[in-house]
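We have chain E; now place chain S onto it with these hints.
Protein chains: 2
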Amino acid sequence: MSTGPLALQGVPAPGPGLPARWYFTVGPTQLHPVVPGAIRDALAIGLPSWSHRSAPARSDVGRTVEALRELLGIPEGHRVLFLSSATEAMERIVEGAVQQRSVHLVNGAFARRFRTIARNLGRDTEVLEVPDGEGFELEGVDLPPGAELVALTQNETSTGVALDPAGIAGLARRHRETLVAVDTVTATPLQPLELAAVDAAFFSVQKLFGLPAGLGVLVASPRLVERARERQARGVGVGGYLHLPALAEAADRNETVATPNSLAIHVLGRVAESYLQRGLAELRRESATAAGRIEAAAAAAGWIPFPREERHRSRTVLVFEVPGGSATVRSRLEQGGFPVASGYGPHRDTQVRIACFPVHSPAAVEGLVRLMRG
Amino acid sequence: MSTGPLALQGVPAPGPGLPARWYFTVGPTQLHPVVPGAIRDALAIGLPSWSHRSAPARSDVGRTVEALRELLGIPEGHRVLFLSSATEAMERIVEGAVQQRSVHLVNGAFARRFRTIARNLGRDTEVLEVPDGEGFELEGVDLPPGAELVALTQNETSTGVALDPAGIAGLARRHRETLVAVDTVTATPLQPLELAAVDAAFFSVQKLFGLPAGLGVLVASPRLVERARERQARGVGVGGYLHLPALAEAADRNETVATPNSLAIHVLGRVAESYLQRGLAELRRESATAAGRIEAAAAAAGWIPFPREERHRSRTVLVFEVPGGSATVRSRLEQGGFPVASGYGPHRDTQVRIACFPVHSPAAVEGLVRLMRG
Numbered sequence: 004m005s006t007g008p009l010a011l012q013g014v015p016a017p018g019p020g021l022p023a024r025w026y027f028t029v030g031p032t033q034l035h036p037v038v039p040g041a042i043r044d045a046l047a048i049g050l051p052s053w054s055h056r057s058a059p060a061r062s063d064v065g066r067t068v069e070a071l072r073e074l075l076g077i078p079e080g081h082r083v084l085f086l087s088s089a090t091e092a093m094e095r096i097v098e099g100a101v102q103q104r105s106v107h108l109v110n111g112a113f114a115r116r117f118r119t120i121a122r123n124l125g126r127d128t129e130v131l132e133v134p135d136g137e138g139f140e141l142e143g144v145d146l147p148p149g150a151e152l153v154a155l156t157q158n159e160t161s162t163g164v165a166l167d168p169a170g171i172a173g174l175a176r177r178h179r180e181t182l183v184a185v186d187t188v189t190a191t192p193l194q195p196l197e198l199a200a201v202d203a204a205f206f207s208v209q210k211l212f213g214l215p216a217g218l219g220v221l222v223a224s225p226r227l228v229e230r231a232r233e234r235q236a237r238g239v240g241v242g243g244y245l246h247l248p249a250l251a252e253a254a255d256r257n258e259t260v261a262t263p264n265s266l267a268i269h270v271l272g273r274v275a276e277s278y279l280q281r282g283l284a285e286l287r288r289e290s291a292t293a294a295g296r297i298e299a300a301a302a303a304a305g306w307i308p309f310p311r312e313e314r315h316r317s318r319t320v321l322v323f324e325v326p327g328g329s330a331t332v333r334s335r336l337e338q339g340g341f342p343v344a345s346g347y348g349p350h351r352d353t354q355v356r357i358a359c360f361p362v363h364s365p366a367a368v369e370g371l372v373r374l375m376r377g
Numbered sequence: 004m005s006t007g008p009l010a011l012q013g014v015p016a017p018g019p020g021l022p023a024r025w026y027f028t029v030g031p032t033q034l035h036p037v038v039p040g041a042i043r044d045a046l047a048i049g050l051p052s053w054s055h056r057s058a059p060a061r062s063d064v065g066r067t068v069e070a071l072r073e074l075l076g077i078p079e080g081h082r083v084l085f086l087s088s089a090t091e092a093m094e095r096i097v098e099g100a101v102q103q104r105s106v107h108l109v110n111g112a113f114a115r116r117f118r119t120i121a122r123n124l125g126r127d128t129e130v131l132e133v134p135d136g137e138g139f140e141l142e143g144v145d146l147p148p149g150a151e152l153v154a155l156t157q158n159e160t161s162t163g164v165a166l167d168p169a170g171i172a173g174l175a176r177r178h179r180e181t182l183v184a185v186d187t188v189t190a191t192p193l194q195p196l197e198l199a200a201v202d203a204a205f206f207s208v209q210k211l212f213g214l215p216a217g218l219g220v221l222v223a224s225p226r227l228v229e230r231a232r233e234r235q236a237r238g239v240g241v242g243g244y245l246h247l248p249a250l251a252e253a254a255d256r257n258e259t260v261a262t263p264n265s266l267a268i269h270v271l272g273r274v275a276e277s278y279l280q281r282g283l284a285e286l287r288r289e290s291a292t293a294a295g296r297i298e299a300a301a302a303a304a305g306w307i308p309f310p311r312e313e314r315h316r317s318r319t320v321l322v323f324e325v326p327g328g329s330a331t332v333r334s335r336l337e338q339g340g341f342p343v344a345s346g347y348g349p350h351r352d353t354q355v356r357i358a359c360f361p362v363h364s365p366a367a368v369e370g371l372v373r374l375m376r377g
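Heads up: the sequence lines are chains E and S, in that order.
Just so you know, the working numbering puts 202 at position 199 of the first sequence, and the rest follows in order with no gaps.
Just so you know, the working numbering puts 276 at position 273 of the second sequence, and the rest follows in order with no gaps.
These are calculated hints, taken from the structure and not from any lab test.
No residue lacks a Cβ here, since even glycine has one placed at the ideal position from N, Cα and C.
There may be inaccurate statements among the hints.
Claimed, not checked - Stretch-level coverage of chain S by chain E, calculated; a stretch enters the list once three of its residues show a Cβ under 8 angstroms from a Cβ in chain E:
| hint | segment |
| --- | --- |
| 1 | 43 to 54 |
| 2 | 90 to 104 |
| 3 | 191 to 204 |
| 4 | 237 to 245 |
| 5 | 328 to 341 |
Claimed, not checked - Facing chain S, according to a computed beta carbon distance under 10 angstroms, are these residues of chain E, among others:
| hint | residue |
| --- | --- |
| 6 | V38 |
| 7 | S54 |
| 8 | A58 |
| 9 | A89 |
| 10 | R116 |
| 11 | I120 |
| 12 | V133 |
| 13 | H246 |
| 14 | N257 |
| 15 | S277 |
| 16 | A299 |
| 17 | A303 |
| 18 | T353 |
One chain only, chain E, in its complex shape:
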């Protein structure tokens, strides 16, 4: 049973082993209710003590990979690679698969980070940029000839701008010679993406999967790995040790190159299985309802949705401008047991960002909404 501020709202606490608060921050965020039990069970069987080259460890990794394959519809040839963060995924993609030139569609801080990484790694980068809060009409985007890779951010956690999944697939089809890398950090698994059309999709687990941070997942197409292998065969550097060819080779044995965060891989599988059990369609329905409820409450409070144009608005990271500043609102929600995130960077003091993830139960959303209206 809930205690403290939650009880005042009549909202049940997230679950056994977790505090009586609902984190609506955009990641790290609320832990999924299966997390404490999944960790406890893994410790009780000694999983973190198993060699990552042993059969039981490989089998556990395989189980998580299978759950992700089913949940996300990962094509058979695509591999699931485990890294430490989405940021590391950006580094590994550029190091491995880009010889000279990448193109970056920049709609916020994380897209900008991908570009910075490519530039820091000595690649030429071309940038198509829109101001914060604006989106891309992907149908009209043409890539410059010779672009080896285009980097997109499906859901900008900094600005709440989402890209149209059909537009991503269409762009990929119009530029079959270009590798397509998509940051899906706050998109996976709710926002659809045609993985067969893209070469890299990566996310971290502390967002929509509601895990403790420390694990990144990169879904890599055969072509992405092949590109890195070709470069390697030509004697070109593809990274130090944790590079795409090595990661892919290890993944084919359900292993990793270095000793992985096997506890997180295990727990990720349990959360993915829980999502499978409830069904992605149901999760999407619930999330759309939740987003609608939060948006309505925000409108009633006089907050202004940040991406002005509705079609560019994320439904997982809801961003609002709060007239008069966001600090008081954030403090009130936090004291009520429902912390939300500040705006990002220059928008820190004027905006709030509210996560609408599958870890947030309808009852929790109702509690938040009541507090927003109160």
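Just chain S, lined up with the frame of chain E:
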């Protein structure tokens, strides 16, 4: 209370929440008994949901850093950087601090990995190599002129060869122009190392700290960071995003560049505090006694210590050749509730490797020893 095979040996189980086995594998290994409780407490206060830029999260990171500083005697100017693995530490060191040329003292597979990383990253490498099972007389080692960095492995987990800590410090003093990087993976915190004399010392937490894998720690000297900053200022690549200058800058605020494995950072602090409470001197005494007991039991069983010369032998990773092959022995110990590691690489079927870490209680060591003698 213990059940199953351990009970037959009269050995108490490792602790609440952990299975009734004692992992004497060399890492991943036995979890420290405080791990389940430390994880449970962190979940209960919602620590993994906190923003890593928030004051409570920074304070928790700071507490772990302080415990490590005290336990390891980290000099004031040296920084504690959090990575995902020791392998990643090797990559970040080379990317950041080596312009052209590194020297590698190779006494096994992990030293060889460091060299491979430098080569894969396009650096010239010079190798001083001894056959598996032999050590270095560091007093006689002279580095070639122009070596920017020398890489050493204090304790080779693959071969059980240890380097003399005084020899490492002496080498560093004779070559003040050369950065000294030491892989201390199965050395920290038991084997002494004069951190003021070296520029990089790195380890992963699933060894002597008995944590689940997924976190690496790099103790970086001011000079190491300065070298990377100078290179960066000259416009030379120092890495993509998770590079030494950025890691150092974040560490100065008790933050990290990307969202870190904050749960592991928290638990590492609790284990370090537990080690501080017992005292390093006591841990070393206990470990030396344990190593002696295991070595005596091995001798009684007719096993041959692998590094032939006693002065090169590790006291944390005890390696033995088992006449007739190691598979039967390993299977018997595993069934008895005391798994040990196989030999590494070419030594897989002929050797065993037995961890002698501070997580292994004297009672557990007695149980193992009885089973070895049985």
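Structure-based check of each hint:
1. Residue count for the segment 43 to 54 of chain S with a Cβ under 8 angstroms from a Cβ of chain E: 9. That meets the three needed, and the coverage hint holds.
2. Coverage of the segment 90 to 104 of chain S by chain E holds in this model, with 6 residues showing a Cβ closer than 8 angstroms to a Cβ of that chain against a need of three.
3. Requiring three or more residues with a Cβ within less than 8 angstroms of a Cβ of chain E, the coverage given for the segment 191 to 204 of chain S is violated, as only 0 such residues are present.
4. Three residues within the 8 angstroms Cβ limit are the bar, and the segment 237 to 245 of chain S against chain E gives 6, so the coverage statement holds.
5. Residue count for the segment 328 to 341 of chain S with a Cβ under 8 angstroms from a Cβ of chain E: 0. That is fewer than the three needed, and the coverage hint is violated.
6. Proximity of V38 of chain E to chain S holds as hinted, the smallest CB-CB distance being about 7 angstroms (cut-off 10 angstroms).
7. Below 10 angstroms, beta-carbon pairs count as interface contacts, and S54 of chain E has one with chain S at about 6 angstroms; its hint therefore holds.
8. The criterion of a C-beta within 10 angstroms of any C-beta in chain S is not met by A58 of chain E, whose closest approach is roughly 13 angstroms, and the hint is violated.
9. A distance limit of 10 angstroms between C-beta atoms decides the matter here; for A89 of chain E the minimum to chain S is near 8 angstroms, and the interface restraint holds.
10. The beta carbon of R116 of chain E is positioned within 10 angstroms of a beta carbon in chain S (closest approach about 6 angstroms), and the interface hint is therefore held.
11. With a least beta-carbon distance of about 4 angstroms to chain S, the hint placing I120 of chain E at the interface is held under the 10 angstroms criterion.
12. With a least beta-carbon distance of about 22 angstroms to chain S, the hint placing V133 of chain E at the interface is violated under the 10 angstroms criterion.
13. Given hint, H246 of chain E at the interface with chain S, holds; its Cβ is 7 angstroms from that chain's nearest Cβ, closer than 10 angstroms.
14. Among the interface hints, the one on N257 of chain E is violated; its C-beta lies about 16 angstroms from the nearest C-beta in chain S, farther than the 10 angstroms criterion.
15. For S277 of chain E, the interface hint is violated, since its Cβ never comes within 10 angstroms of a Cβ in chain S; the closest pair sits about 17 angstroms apart.
16. Restraint check, A299 of chain E versus chain S: the minimum CB separation of about 26 angstroms is more than 10 angstroms; hint violated.
17. Interface hint status for A303 of chain E: violated, as the beta-carbon distance to the closest one in chain S is roughly 27 angstroms, over 10 angstroms.
18. With a cut of 10 angstroms, the hint placing T353 of chain E at the interface with chain S is violated, because the nearest CB-to-CB distance is about 18 angstroms.
Hint violations for this structure: numbers 3, 5, 8, 12, 14, 15, 16, 17 and 18, all remaining hints satisfied.
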